[in-house]
Each structure stands twice: as C-alpha cells, then as structure tokens.
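Chain B: place on chain A using the hints.
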Amino acid sequence: MAVKVISPGLSTSVQDLGRPGHYHVGIPEGGGMDRFATRIANLLVGNDPGAAVLEATFMGPELEFTQSAVVAVTGGELPPKLNGEERSTWESFPVKAGDRLSFGFLKGGARAYLAVSGGIDVPVVLGSRSTYILGALGGHQGRTLKAGDELPLGESSGKAGLSLPANLRRARNSPAELRMLPGIYWHRITEAAGNRFFEETWKVAPEADRIGYRFRGGTPLEFVEREQPFGAGSDPSNIVDACYPYGSVQVPSGTEPIVLHRDAVSGGGYMMLGVVISADMDLIAQLQPHTPARFVPVTLEDALAARTEQRAALARAEGHLAG
Amino acid sequence: MSIRFNFGGDEHIFGEVSEEMSLTSFFTGLSMTNAVRTAGIRGVTEICPANASFQIRFNPDIVKPQDLLSELKSMEEAASKSDPVLKTRIIELPVYFQDPWTRETCLRFRERHQDPSSTDLEYSARINGYATVEEFIEAYSGQPWFVSMVGFVAGLPFLYQMVERKKQIQAPKYLRPRTDTPKLTIGHGGCFAAIYSVRGAGGYQMYGITPAPIYDPTRKVRYLADDMCLFKPGDIVKFKAIGRDDYDATLEEIEANRWQPTVRECTFSLKDFNSDIYGTNAKLMELINGR
Chain A
1 MAVKVISPGL STSVQDLGRP GHYHVGIPEG GGMDRFATRI ANLLVGNDPG AAVLEATFMG
61 PELEFTQSAV VAVTGGELPP KLNGEERSTW ESFPVKAGDR LSFGFLKGGA RAYLAVSGGI
121 DVPVVLGSRS TYILGALGGH QGRTLKAGDE LPLGESSGKA GLSLPANLRR ARNSPAELRM
181 LPGIYWHRIT EAAGNRFFEE TWKVAPEADR IGYRFRGGTP LEFVEREQPF GAGSDPSNIV
241 DACYPYGSVQ VPSGTEPIVL HRDAVSGGGY MMLGVVISAD MDLIAQLQPH TPARFVPVTL
301 EDALAARTEQ RAALARAEGH LAG
Chain B
1 MSIRFNFGGD EHIFGEVSEE MSLTSFFTGL SMTNAVRTAG IRGVTEICPA NASFQIRFNP
61 DIVKPQDLLS ELKSMEEAAS KSDPVLKTRI IELPVYFQDP WTRETCLRFR ERHQDPSSTD
121 LEYSARINGY ATVEEFIEAY SGQPWFVSMV GFVAGLPFLY QMVERKKQIQ APKYLRPRTD
181 TPKLTIGHGG CFAAIYSVRG AGGYQMYGIT PAPIYDPTRK VRYLADDMCL FKPGDIVKFK
241 AIGRDDYDAT LEEIEANRWQ PTVRECTFSL KDFNSDIYGT NAKLMELING R
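Protein chains in written order, with the UniProt record's numbering: chain A, 1 to 323; chain B, 1 to 291.
Pulled out of the complex, with its shape left as it was, chain A reads as follows (with noise of 0.2 Å):
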C-alpha cells in the first residue's frame, strides 16, 4: 500500500495547502509553492485539492509502486515515463503494481507536482502534511526524500484520464512580471533607487528554494540617510527585526532582493520594499535560476483584481475538471 522512492531527485517533499496558524512561533504555512498545481493535480486524480502530493524541483524522482492507482503530473513540464514510456502532463493516468515512474529533463517551469490517488498518506503535523524542511517537521520524517523511503497512500479508487488543457493554465513570459504592492520600509531608499528597481531587469539567482527566491543583476539600492535606529544594527538595510510577510522583498545590504515564499523566515533585521501579491507567488515557484524577472510596482486595488482574476481562472480549471 505504498509509493518506493527508488531515487528521490534533486529535492523531492510531501506537501499539501499548508499549515497557517503558527507563523507567530516562526512556524511557515508551507505546502506547494505552485498552489494552482497542487489543487489541479489532486483534481485531475479524483482527490480532494488539499490532498498531499509531491513537489519535486529541477529534476523528478523515480518510484515504484506496490499497489495500482491513478496518478497526474502538473506543474513544470517534467514530463513523466512510466515502465520508460513518456505521458503527458496534466492528464491522470493508471499505474498497477510493480509500474515505476521516473521523470524526463524539465522542459519548462522549476517545479512538477505528482499526485496519487487516495493522496500521500503521511501524519498530519499541526493540520497539515506539508512538509518544512528547516524546522524537520511534517512531510516524511520531516526532510526531502531519500532512496528506499515507503510512502503509505491514502484510500481510493481514483479516476484516470482527466487532463487539464493548456488554454486553462496559466502562461508564463519573459521576463517574469512579479507584481509587487510597494511599501513597508519602501522609504528607506531614495526616490532614483526606487525608479531603478522597478526599471530593471532581474535575474533569478541560483540561491531559490521554498524559503525564497533571490534575484541579482541590479543596481545596490541607494538609502535615505538617517541615524540608525536603537537595536537596528548599523547596516543601512538593518531595521529592528521585525515580521516578514509572505512574497514580502528584502534586500540585505541593498544589493539582491529576495522574495520570501510558502517556507518563509517569520521575521528578521533586513527592510523590505514591499510584497509581491498572492496572485504571483505561483509563478515564482516556477521560475529556474537565470530566469529574467520584473518588479511591476501595483496598488492594492490592482492586487484585488488580480487575486478575483486568480480565483475565476482557478474556477474555470475546477468546472473543466467537474465536466
């Protein structure tokens, strides 16, 4: 009744939708980056959206399984072979016994999400089975997938051959546009640097995970002088450590911004320029290092709109699937 990792990939997790309601201890809601893809990779297999899938990243795993279900690839354009016979991405497909999965190079995006009928059936850790690799917690054993793990799924008798088409997904362009509400310690830089950053173009650094994604090729950010504030630190940059929120933009030292994302640090001492609205933190999940990327400076208004526009795509992709 089990999933075999044979290899685990480059960095292979459970996760689901997350786990919010303990930010305040540090603790990150986590769960897949790319959320539109987890739900519809659930969807595509007959599970309930918020079932656990796994997020695999670059580069996919290989797995064998000890029971037949359905299972559907959506996310990155890692294209999945089973018995070495290429499927197509988002469609859900049957697999039996002793069938083993592995994965083909990524052809587009950054991460895939593989979803198995009955869902991954790991214990649920503060009400959900994601998993959050710095604080070791949920997911299996806390950590990415290793060779010979056992992964147990859920009950269910699944459905194959759903598939989502590419007119209901979301399209991505060069560069990446990551709409972003300025604010919170937007102030602190001068109105040229401020200019500058949303003018230039950016590029994804190879330093990009589930914490964060940081971008470098810019222009440092010039400050406004001031004295440093009491128990800020003597950097420019260096606020009293205080909340991060989730997509917010740091920029330690004033040279690479990076965008905190589902494992995000809770709080910390680096000013931030704003946040990158909920409707874009997908799209970052997939974008590989030395991707070019924009900030396009938003109000909140056009935030709203985009998170309404989010919603009735995600609706369209959900009634295909309802038929």
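Simulated from the structure, these hints should not be mistaken for lab results.
Quick caveat, the model's predicted, so the values are computed rather than measured.
Note that the Cβ used here is the ideal one computed from N, Cα and C, for glycine as well.
Hints are supplied without guarantee of correctness; some may be wrong.
[Said to hold, decoys possible] DSSO-like mimics (lysine-lysine), calculated; alpha carbons at most 30 Å apart, straight line:
#, chain 1, residue 1, chain 2, residue 2
1, A, Lys146, A, Lys107
2, B, Lys183, A, Lys146
3, B, Lys87, B, Lys232
4, A, Lys4, A, Lys159
5, B, Lys283, B, Lys271
6, A, Lys146, B, Lys220
7, B, Lys220, A, Lys4
8, B, Lys87, B, Lys271
9, B, Lys271, B, Lys73
[Stated by the list, open to error] Partner residues aside, some chain B positions facing chain A, computed with beta carbon under 7 Å:
#, residue
10, Glu20
11, Cys48
12, Gly190
Same frame as chain A, now just chain B:
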C-alpha cells in the same frame, strides 16, 4: 506616538509602533495583537507580534483590507494608553557560557568576524565596556530578558534584556553570516539575544549553549509535548550560568526525559518596572529562586 500602518501586499497589514526598540513599543504591539486575537475578526489568519512592530495576515476574500485597517486603527488608542499589565511566566534556562562547541564554531569562521583575534565573548565584553568576559557573563545572566518576538525559524526567541537603555548590551552581527551555528546556541545581534532552535546559518555573536531543547517537532521532550515551541512573545527568561559538570548532568536528565525547566506564573506591570527596574526584576527572580 502613532502606529505606522502599511499593507503588505493583499494579505498582510504591517504595523510599526516605532523605528527603535523599547519595551514600551513592544508592549503596545503586544496589546494590539492581543486585542486583535480577542476581537476574533473573521478572515484574520495569523497574528504576529514582533519587537517594536506586528503583522496581521488576512484573507481579503473574507474581510476587506480597508475594513480591517479601520478596525485596527480603532484599537490603537486603547492599546497605547492602557497601563500594560501582562499575565505571563518566568522561565529559568541553564546556559553553559564559554562552551567548547560555540568556541570551535567561532574559531572556524574567524575571517567573517569584526575582530578575528578575539573570541565573540572577548570582543563583545570589550565593546560593551566590561573588563573581563566573566563580568560580561555576569551582566548577561544577572538580569532577566523579555521574549519580544518568536520567529525567523520555528521556536527561535528574540530576547530583550530588562535593564535601562545605557546598560543594554549591543553587538554587531558577523560581517558575513556563518554557514553553521550549533543547535541551542545563545547568540546576540544588535540589542537582542537569540536562542538558535535548530542548527544552521547565523550572524549573531555566539556566547554559550543551553542543554534544554526549545523546539521539538516530534513532541517527545516532556515539556514540549503540547506546544512544540517553548517560548511565546511576552515570556520572561532568566539565564542561569552553569559549568560543564552541570551541563553534562542536565543533558543526561534531558536524554532520560526527566528534566524540565523551572517555570513560574507571574504578573508584569510596565509602570512598576519603569519606576523600579531592579526591584521589579528582583521580585521576578525570587519566584524561581524561592522554589
């Protein structure tokens, strides 16, 4: 003083009580977050107090951002006027200062430090005007600390010492962060102490190590069975300096799951504290010493 509110994207409201750290600002932030929790506002998903600021996360599909902001503003006056009296607890935490593990780590990353020829303790004692490391440790463990924030990673407390500003110990972070810090290291950066709940990268000066786990995702440690994180914002902590023998003995007790920290319920009044800092602290410390 009025709180500077700001939207953090479409899901957060960030409130900065003051740019600089003070216990008064911390209490205003804590009063605000307590008021939000008590109000039970629909759509609020995370309530996070910090040192001199706080953050509320919400679902804008359930509560309109502007409505929530108005509600927070309406709570501000009460929070900043109230004579803050906090029902909390004081926790005694044994700390082995000048331990071999943080010392070894400190020597391994010397080239990232302001003063490669001193240890973190020697450097911090000197820049804070203490003649010896022993006097510095005495000051560090002699007066209690407030947990002014929990975060960065799971269960990590930021601690602010309950002394007047001119006695606050301050130290810069490493020039470049280390890639390693032993688990349960007592560190210091800016005016804050921190206890590293997990092993990992870090930039704080390292002074010692506690044998007591403060975060246990497996909930096997007896005093972390209900709450996997020991500390909450508002807790008061007193470090008790111990030597190697006590450290080893405590560790043995912890491994047998027989040990637990001394914890006493207490009430803290900011007004009483401001009028007599050391008298207030002495009463608090009596609670743990008079066991």
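To see whether the hints hold, each was checked on the structure:
no. : hint                 : in the structure
1   : A/Lys146 to A/Lys107 : holds, 24 Å
2   : B/Lys183 to A/Lys146 : holds, 24 Å
3   : B/Lys87 to B/Lys232  : holds, 12 Å
4   : A/Lys4 to A/Lys159   : holds, 21 Å
5   : B/Lys283 to B/Lys271 : holds, 15 Å
6   : A/Lys146 to B/Lys220 : holds, 24 Å
7   : B/Lys220 to A/Lys4   : holds, 28 Å
8   : B/Lys87 to B/Lys271  : holds, 14 Å
9   : B/Lys271 to B/Lys73  : holds, 24 Å
10  : Glu20                : holds, 4 Å
11  : Cys48                : holds, 4 Å
12  : Gly190               : holds, 5 Å
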